[in-house]
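Protein chains in written order, with my numbering: chain H, 1 to 492; chain Y, 1 to 411; chain C, 1 to 253.
Be careful, since some hints might not be right.
As the list claims (entries may be wrong) - With a Cα cut of at most 25 Å, we get these calculated SDA-like pairs of lysine to any residue:
no., chain 1, residue 1, chain 2, residue 2
1, H, K436, Y, R309
2, Y, K42, Y, M319
3, H, K436, C, F151
4, H, K72, Y, V36
5, H, K72, Y, R304
6, H, K469, C, V149
7, H, K276, H, A157
8, H, K392, Y, E354
9, H, K469, H, R308
10, Y, K42, H, E431
11, H, K276, H, I332
12, H, K469, H, E431
13, H, K465, C, G97
14, H, K465, C, G150
15, H, K276, C, G97
16, H, K465, H, R391
17, Y, K313, C, E59
18, C, K144, H, S451
Everything labelled a hint here was simulated from the structure, so no lab data went into it. As the structure is a computational prediction, the values presented were derived from the model and not from experiment.
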Amino acid sequence: MDTPLDSNEALRAVTEGGYKFGFETDIEMDIAPVGLSADIVRLISARKNEPAWLLEWRLAAFATWQQMEQPKWANLAIPPIDLQALHYYAAPKKTAGPKSLDEVDPELLRTYEKLGIPLRERAILAGVEGAGERQVAVDAVFDSVSVATTFRETLAAAGVIFCPISEAVRSHPDLVRRYMGSVVPVSDNYFAALNSAVFSDGSFVFVPRGVKCPMELSTYFRINARNTGQFERTLIIAEDGASVSYLEGCTAPQRDENQLHAAVVELVALDDASIKYSTVQNWYPGDAEGRGGIYNFVTKRGACRGARSHISWTQVETGSAITWKYPSCLLIGEGSVGEFYSVAVTANHQQADTGTKMVHLAPNTRSTIVSKGISAGHSANTYRGQVHMGRKAAGARNHTQCDSLLIGDLCGAHTIPYIEVRNPSAKLEHEATTSKLSEDQLFYCRQRGLSAEDAVGMLVNGFCKDVLKELPMEFAVEAQKLLAVSLEGSVG
Amino acid sequence: MATRAETSLLGHFTAAADAARRDAAARFARHGLPTVRDEAWKYTSLRALAEVDFTPAEAGTAPMPDLPVLRDLPDMPRLVFINGFYRADLSAPPAWAKPSTAPDLTQVAGEPFAALNTMFTQDGARLAVPAGMDAGTLLLLTLTIGDGAGGKAGAIVLASPRHRITLGAGAALSVLEITAGSGSYLHNAVLEVALGAGATLRHRRLQDEAERAFAVATLYADLAERATYDALIFTVGAALSRTEAHVALTGAGATLSLDAAQALAGRQHGDITTMLSHDAPQCRSRQTIRNVLDGAARGVFQGRIDVARAAQKTDGYQMNHALLLSPLAEIDSKPELRINADDVKCSHGATVGELDADQIFYLRSRGITEAEARSMLIHGFLAEPLGVIEDGPMRDVFDRALLRSLRTGAA
Amino acid sequence: MLEIRDLHATITTADGQTREILRGIDLSVPDGEIHAVMGPNGAGKSTLAHVLSGRDGYEVTAGSAMLDEQDLLAMAPEERAAAGVFLAFQYPVELPGVGNAHFLRTALNAQRRARGEAELDAVQFLKLARAEIKRLAMRDDMLKRQVNVGFSGGEKKRNEVLQMGLLRPRVAVLDETDSGLDIDALRIVAEGVNALRAPRFSALVITHYQRLLDYIVPDRVHVLAAGRIVRSGGPELARLLEAEGYAAIEQAA
Numbered sequence: 001m002d003t004p005l006d007s008n009e010a011l012r013a014v015t016e017g018g019y020k021f022g023f024e025t026d027i028e029m030d031i032a033p034v035g036l037s038a039d040i041v042r043l044i045s046a047r048k049n050e051p052a053w054l055l056e057w058r059l060a061a062f063a064t065w066q067q068m069e070q071p072k073w074a075n076l077a078i079p080p081i082d083l084q085a086l087h088y089y090a091a092p093k094k095t096a097g098p099k100s101l102d103e104v105d106p107e108l109l110r111t112y113e114k115l116g117i118p119l120r121e122r123a124i125l126a127g128v129e130g131a132g133e134r135q136v137a138v139d140a141v142f143d144s145v146s147v148a149t150t151f152r153e154t155l156a157a158a159g160v161i162f163c164p165i166s167e168a169v170r171s172h173p174d175l176v177r178r179y180m181g182s183v184v185p186v187s188d189n190y191f192a193a194l195n196s197a198v199f200s201d202g203s204f205v206f207v208p209r210g211v212k213c214p215m216e217l218s219t220y221f222r223i224n225a226r227n228t229g230q231f232e233r234t235l236i237i238a239e240d241g242a243s244v245s246y247l248e249g250c251t252a253p254q255r256d257e258n259q260l261h262a263a264v265v266e267l268v269a270l271d272d273a274s275i276k277y278s279t280v281q282n283w284y285p286g287d288a289e290g291r292g293g294i295y296n297f298v299t300k301r302g303a304c305r306g307a308r309s310h311i312s313w314t315q316v317e318t319g320s321a322i323t324w325k326y327p328s329c330l331l332i333g334e335g336s337v338g339e340f341y342s343v344a345v346t347a348n349h350q351q352a353d354t355g356t357k358m359v360h361l362a363p364n365t366r367s368t369i370v371s372k373g374i375s376a377g378h379s380a381n382t383y384r385g386q387v388h389m390g391r392k393a394a395g396a397r398n399h400t401q402c403d404s405l406l407i408g409d410l411c412g413a414h415t416i417p418y419i420e421v422r423n424p425s426a427k428l429e430h431e432a433t434t435s436k437l438s439e440d441q442l443f444y445c446r447q448r449g450l451s452a453e454d455a456v457g458m459l460v461n462g463f464c465k466d467v468l469k470e471l472p473m474e475f476a477v478e479a480q481k482l483l484a485v486s487l488e489g490s491v492g
Numbered sequence: 001m002a003t004r005a006e007t008s009l010l011g012h013f014t015a016a017a018d019a020a021r022r023d024a025a026a027r028f029a030r031h032g033l034p035t036v037r038d039e040a041w042k043y044t045s046l047r048a049l050a051e052v053d054f055t056p057a058e059a060g061t062a063p064m065p066d067l068p069v070l071r072d073l074p075d076m077p078r079l080v081f082i083n084g085f086y087r088a089d090l091s092a093p094p095a096w097a098k099p100s101t102a103p104d105l106t107q108v109a110g111e112p113f114a115a116l117n118t119m120f121t122q123d124g125a126r127l128a129v130p131a132g133m134d135a136g137t138l139l140l141l142t143l144t145i146g147d148g149a150g151g152k153a154g155a156i157v158l159a160s161p162r163h164r165i166t167l168g169a170g171a172a173l174s175v176l177e178i179t180a181g182s183g184s185y186l187h188n189a190v191l192e193v194a195l196g197a198g199a200t201l202r203h204r205r206l207q208d209e210a211e212r213a214f215a216v217a218t219l220y221a222d223l224a225e226r227a228t229y230d231a232l233i234f235t236v237g238a239a240l241s242r243t244e245a246h247v248a249l250t251g252a253g254a255t256l257s258l259d260a261a262q263a264l265a266g267r268q269h270g271d272i273t274t275m276l277s278h279d280a281p282q283c284r285s286r287q288t289i290r291n292v293l294d295g296a297a298r299g300v301f302q303g304r305i306d307v308a309r310a311a312q313k314t315d316g317y318q319m320n321h322a323l324l325l326s327p328l329a330e331i332d333s334k335p336e337l338r339i340n341a342d343d344v345k346c347s348h349g350a351t352v353g354e355l356d357a358d359q360i361f362y363l364r365s366r367g368i369t370e371a372e373a374r375s376m377l378i379h380g381f382l383a384e385p386l387g388v389i390e391d392g393p394m395r396d397v398f399d400r401a402l403l404r405s406l407r408t409g410a411a
Numbered sequence: 001m002l003e004i005r006d007l008h009a010t011i012t013t014a015d016g017q018t019r020e021i022l023r024g025i026d027l028s029v030p031d032g033e034i035h036a037v038m039g040p041n042g043a044g045k046s047t048l049a050h051v052l053s054g055r056d057g058y059e060v061t062a063g064s065a066m067l068d069e070q071d072l073l074a075m076a077p078e079e080r081a082a083a084g085v086f087l088a089f090q091y092p093v094e095l096p097g098v099g100n101a102h103f104l105r106t107a108l109n110a111q112r113r114a115r116g117e118a119e120l121d122a123v124q125f126l127k128l129a130r131a132e133i134k135r136l137a138m139r140d141d142m143l144k145r146q147v148n149v150g151f152s153g154g155e156k157k158r159n160e161v162l163q164m165g166l167l168r169p170r171v172a173v174l175d176e177t178d179s180g181l182d183i184d185a186l187r188i189v190a191e192g193v194n195a196l197r198a199p200r201f202s203a204l205v206i207t208h209y210q211r212l213l214d215y216i217v218p219d220r221v222h223v224l225a226a227g228r229i230v231r232s233g234g235p236e237l238a239r240l241l242e243a244e245g246y247a248a249i250e251q252a253a
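Turn these sequences into a full structure, and let the hints steer you where they fit.
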């Protein structure tokens, strides 16, 4: 039957043009001096009242980063980034965290309202079939510091810890010390090292043994301060038999200057644990001439440490001027499962080099990759994915489906898989196709009365269906809107 | 820091050589042998070559070596090169061919082994088929004799033939190319192919080099409008080999079929790299690559299809299949699509697996031993690409090589 | 009323040549009537259907096509659809990932919106769609499936008739809807069309064979050959064609 996912209203609502989420919020900022040095690292740590071990960790990361160079292998033209011209700390001026929503800056609440984010005690999302009273906890990250958190009690009753990582550093130092940096080592790559040195804040989730998290967790990121580098750090741990679904979505105000975002997300799944991580990314992509826009250089990795553990990444990437992002799975536990579902849309002058790594290190591990790339305008869209099956990966399986759709003849669609198999009983299938948006399909839709833009939106959503159906319902609707919006004007 | 191989190669280079060779040497001196840090060589390490002394081969009069692949060769016009030099005494050239020529170095490409070839090449076949002529079938035999064939003790022979095949408009030619040898050596060949409008080249290449050999072949092909290049590359020999094909479809409506198969065992390393440029509209390319890897063999396939903005209506297809027969065998595959035109149909695929247990059981239930069943299935897997070779003496050469490789290695 | 006057259309072939396919079509289909257009392969039957519905790739070099005083040729395909032109495709297109119900409701509401009518909500739409499905002896899961994906030839054609029934066009152009149908499917499709017969509905049934016309009895039959209507008559003309072949008619014309 007709689901909200298939809602015509959703499509129509967004065909009104332009980047709608480009506004600024006027909130007083506490901003660190520009530039990056060991002193700035110390200042960040001091402002956040961090324990000594964390300062040492940051300083070691900073020292590592200083030895590294920005990677050049991606199929991206990245303008030089002056990291010394950025601010590395910005926080809304608050002396203490708010006790309830009433204490949250009303301006911020209005901002979320404009974005359509349900920041309420009980988020009942309209139009979700059969969802009833669906609960979504929101740990909102406004620039760098969390300023509003809900549902603590419900989660606490279940034993789930969901809080800003800056708070977890103080309240659960053992957990943070044990896991932070264990999936993405400080020295993993240039941007991960940078993040480790200066990370501002992010979410911490811990789901104890046997607990199924009673609600979906979501965090909305928003870049809002001029020249503020964003260095979110998220850590999610699911103990034996635990499960959790985490949603992340972002929009950013429109501006001319490029902004850097270099987040690190680490997931750890122990025996029989399951983590689902969904992202809708719609940061400012720059204008039609390619001016401005966010640089999104993200390191996301999950470790399936336990037997039969399961990590699933789903992403819809429509925003950012440049995207460099490979959510990956290390399949260490026997029989563990990794999944990657991705839609990446590039229009105008956007560039994306995104994909995944599935590293099979144990017997009977399985992975699935479904990637849908859509290129329009003058954009360049690269899928880069690695499937590695090690000597111990007996009976491992991978299936990869990687499709590219081209809209217009000035864009590029590139597919670069790396397939490495070291075990004879491992089985791998990789399929990739590239084609243009079909004239026949467009005409068929228009003959039935759809406008060209609605037809494109419908066909593109159909092309992406295998990925969109992996998203939680409320995200799926938003994602559909984003796809249609980001391709507006692509077909003349 | 230069490796011993690089030092020895540069040491043998004569500074007085002409400009093209000097440029090549300068480039080689600058970049040296590629390493796994070079994206194009990510999966093929040349460390085994690094500490070897090389000596460029010299012309000689050695008799035809007694190699299995040379027995029962079909009776057809043939050109024989030994250690990179033409051997008139062993050849039976067709009237239209110029069997031996000082290589034309005007089109020197930048690939590292092509540069090395440019530095040292002395001889090669020049096969120019005039427009409209069907030149029939030709056997091109390139042999390298490693042991005692010149050079100081402890050094390995470097053979550097450079062949060129040019077909005029509407011309046709079939080439059966066999490369083989004995002992230790580096056979570093360059083959240039230029096909005129509507020309058709059928190219069947059998690489059956010696067990201890290093073999690198760099192929450059350029296809004019409606030209057809139908190539099959079959690799069974060498300790380490790389076959690198650069094919440019520069004329509208050109067709490329580039199939490859390799059957490797022991510690063999075989690399098939293809770089296709679809530069003109309405071209079609088809590639199917099959790897059978036993022992601790390592197979590499890198395939790249570039589609230029002008190349509308491109139809490109590429498939890489690998069968791993042993716990120590490895396959690395990197099939790339880089597409800059919108009205195209391109796809690639890859499969990796072992022999199908159900198929083996089916055969055994019919009374066939497991070993026979495995051999039968492997043969079937590899024989499929050989199916494009029309029955006859040419096909027999490949079938025998396949059977030999199955006996010695796989199954 | 659909009125086609002196319609000329050309295509540009792959080798850059311009070829005239329609060479002056004159045809009027009054409201409430069903007309058949028959003709040999290459006569221009499908071109006529495509030109009327506004498909790219044809150039109209002369003539007009009017529906109720509206100039169809000046309109975008979706505007023609909203004006009431429905093309039942000879080869219905597959839309992977697009649900049939979503597609149909989007199309119906787009048309209703364009005509200034109220849109249907999901409940109203479902009621309508289920009734139509029942009438066409189709399975309910038709609505859940992706548009034409994995449909048999017969299912695709029935899906076209289902769409027609839901969208209620002023003029339906059926482009060889009978091709690939077995006799049962043919009867169902014909019944679907016959059921739409109404004073404000007309249809142009394009077919190569007389077979379909046993089930959809046309008010008029036109023979199209080499881009022109060469003969028109009553239903008996179709039987004559079946008996004597196109060659005889063309020669006589």
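Item to check | Index of numbered hints that the structure contradicts, given in increasing order | outcome: Result: hint 16 breaks, nothing else.
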